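Asker: Combine the two chains into a complex, taking the hints into account.
Heads up: the protein sequence lines correspond to chains F and A, in order. If you read the first sequence in this note's numbering, its first letter stands for residue 1, the second for the next number, and so on. If you read the second sequence in this note's numbering, its first letter stands for residue 1, the second for the next number, and so on.
No lab work stands behind these hints, which were simulated from the structure alone. Only a predicted model underlies this, so the values are computations on that prediction, with no experimental measurement involved. Ideal Cβ positions, reconstructed from N, Cα and C, are used throughout, including at glycine. Careful, some of the hints might be misleading.
What the hints assert, rightly or not - Under the rule of at most 25 Å between Cα atoms (straight-line distance), these lysine to any residue pairs were calculated in the SDA-like manner:
| id | chain 1 | residue 1 | chain 2 | residue 2 |
| --- | --- | --- | --- | --- |
| 1 | F | K178 | A | P2 |
| 2 | A | K49 | F | D59 |
| 3 | F | K178 | A | E52 |
| 4 | F | K113 | A | D264 |
| 5 | A | K49 | F | G173 |
| 6 | F | K44 | F | G69 |
| 7 | A | K54 | F | H174 |
| 8 | A | K257 | F | F8 |
Unchecked claim - Covered stretches of chain A, going by a simulated chain F footprint (3 or more residues, C-beta under 8 Å):
| id | region |
| --- | --- |
| 9 | 46-52 |
| 10 | 236-242 |
| 11 | 252-260 |
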Amino acid sequence: MANSLEAFHTRLREFFGDKILASRIATGQVTIEILPDQLSAVCKSLRDEEQFAFAQLSDVCGVDYLSYGKADWETQDTTSTGFSRGVSGGVYNEEIRGFPARFAVVYHLLSIKHNRRLRVRCFVPGDPPKVNSVVDIWASANWFERETFDLFGILFDGHPDLRRILTDYGFIGHPFRKDFPLEGNVEVIYDAEKKRVVYQPVSIENRVLVPKVIRHDHRYEKVESKK
Amino acid sequence: MPEIRNMTINFGPQHPSAHGVLRLVLELDGEVVQRADPHIGLLHRGTEKLAESKPYNQSIGYMDRLDYISMMCNEHAYVLAIEKLLGITPPIRAQYIRVMYDEMTRILNHVFWLAAHAADIGAMTILLYCMRDRENILDCYEAVSGTRMHATYYRPGGVYRDLPETMPQYKPSEWHSQKDVEVMNSDRQGSLLDFIEAFTASFPGNLDDYETLLTENRIWKQRTVDIGVVTAERALQLGFTGPMLRGSGVEWDLRKKQPYEVYDRLDFDIVVGVNGDCYDRYLVHMEEMRQSIRIIRQCVDWLRANPGPTMLGCGQR
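Chain A extracted, bound-state conformation (with noise of 0.2 Å):
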């Protein structure tokens, strides 16, 4: 009889389906992964160390590009540590915008984590329906900051200005003719916040059509119930936070248990999973995003009625 011994391999780090940069050290036994060493520097930047000498809000434009899926996100953390150093609050308008780009980030990443998961288990449809809504956010970002991805937004004190009244409209091309841009134009009519209360119009329909997809496709569940089970117990110890912690079944939610900026006066769930597993973190993922909606609503609703400065003045506190 042969031999039968388990086969180590290097993936990446280089590689189609290696998200970034990541180089991992396998070791196979047939097709399960028996032991893998993640070799995980080659994106690392030192950004603390670029950070060292220069001011601080000079360094706001690289937090955006910590993780690049979620860029706001980590202004506001970078944001909001200057802020509390300095003892200082953010005009009540300016937290509102935060939080509703927050929100909006994180159906961004939300998005963004469909699109790949399931494009990486097999399921191709999924990922250029995700990109499509993605791509409406990244409109957002680009009508408030100028730039699509790294928006240096967010600031000390508030954010760099007022939500605009206009939005950027299409324009007819090669590839979309003046009837097409009418209908991709359609929902940019009016100002930001209308853009964006249809976005959460249409969004959850959206939704719905990709959890139809998914939630009971026989081959999703096969690839992913009981798949990387993680207990509350090692999710704790590994450090695990968000949605991760919360598919292990730890009901833990910044946004609840130590809300910051407005979220105290929002109202939302905390979205908590059962079994730890690939699947149930996929539905807490999903979940989130339909919570994020209702955020959004109620930050909109505020935004309209509530005009104010965005900024902190000279001298304020």
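Okay, chain F solo, but in the shape it has when bound (with noise of 0.2 Å):
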């Protein structure tokens, strides 16, 4: 498996050439990086080459790299007692990668022919943020595109009904982005006087929550005892 992957590996390599920025296999499966003018012209061969035959396209995804790297929790080491339940608020990696865009696209590709699997990722610059729609390649990128534009405001050129299709009617924003808050922007209530359901600004505020743990075993006698 290890070796069949390899060599998948290079023949995609040697096929695309300079086409393709960056590859590695991790966790057994292999992804390429590719510029976003480029998807067009390699998603049609990855799919009409006999050799990658890559008839299904699983999912299109967004990524935001905005936050990448930038930890809240405390999780460098495992303990059998569980993490640490403090927020840090700012602990930021210093070894934060460059990357050339905030925003990529995920295209996570099936060969059945093949029995095999490929991750295509296409960083894509720009404000807002826009690449080629790959609808014409494959039909099942017409609801994730608009689930990726939905959720990531990123655009697809080409698509033909590039709507919202998972937030509400007249939402605003784009909720998968990191600088999106948690609890939203707007909650509906019942106005009695107005007599309908109103959006106002929301009134949560956004908190860690700590589930109270009780326990009663052998571990916990000495301490119970104590007290």
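Answerer: Below you can see the structure in the form of structure tokens.
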């Protein structure tokens, strides 16, 4: 398996040459990185070339690298007692990798013929970020791209019907961007005076939930008896 | 002659036959839908956003809720991903337990699918029969996790606990006399594995009953044969997987092609349709349940013979 994966990796590099900016094998799967203006050509070859035959597009998703490498949780060491519970807020990793753009679109391909998967990553520059649509190559991209547009605000050039798909009617913003607050911006309530449901600025605050755990087993008997 | 135009109607989002909250804007020519614009986001919860600010193991419960008809399978995918990233393999017993519960979840899912599908098409009898079988599997969920649906049973590195030695019992109530309860509890006298074994013995007979009601039923066939035909090419284009893809005649089963956990040790067949219509997909689902029973039986036998740890210890890989 590892050998054939290596061979497949080499074939990809040979076929596409410098169209592939970077590539690697991680957790049993090849990832290639390409430029957005070559996306359509590369995807077409991946689908139509006999040696690749990626007939299926399993997923398209966006990635926002805005806070990449910044961790809120102190999780460097594993322990048997669990995580540290505090949010440290602003523990910045010094070695943040430089990315060519804030957003990337990731395509997950599946070749049923060769029983193989491939991940294609494409950094999308610009504001708003914009990349060519692959709907004409794989029909399943239609809704996936609508979803990525809806949640990340990435535009897909050539998409036949690029509407929001998951968020509310009249929604403003792109919720999966890292600078979109977890609790959102608006909430809906029933207004008794107007006798209808209205939107208002969100009233809840973001907080960290700390589950209360009550244990009654031998490990805690000593502590309890001391009290 | 009066002008005849297509009619556009709004369906849902709240509608008795919209499962969950689905809104469709439909263009109809008579009774035939010419165009449909589904608005699918009304149940969207932004799970990824919720998971963003939590440790990985606190998000397992969210995965149950992604598809609340096949809870443990979602957990499984999530937990497998964590294990892949960490490079750990759970103990073999945990893998067998997971596979067994995956297949029970498959039956849970297919039975619910059959109930809803048949009720939608007009075969009302099936619905309650199917719920009866579903109830048994939900009891198995409850026995291992304490909850009937959102189990959070699979954990990175294994499962939450080993299979229990006793099953929960029914108690007499206003609706069930002592005598009824004794009958209802007759399969529940032994361990969970005994209960599951009894289920694998009784369920195929129930499946036969459903097939008697449906498979050769004229009305059922009128409403499913040659309806919703999806060719293999189209199915691949649309990214179909699972029984949907197999219904279109593509022999693709991840359990065989890229086996995970212990699927490569188990004996079962891939079920494939021919025509890619609703009827073939129905047949695929039905046969898949029988294959699941086969897998569950093998798992029960193995789990009986091989006690052992169900969770990795500290520092183990």
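Asker: Under the constraints set out in the numbered hints, which ones does this structure not fulfil?
Answerer: Numbers 1 and 6, in rising order.
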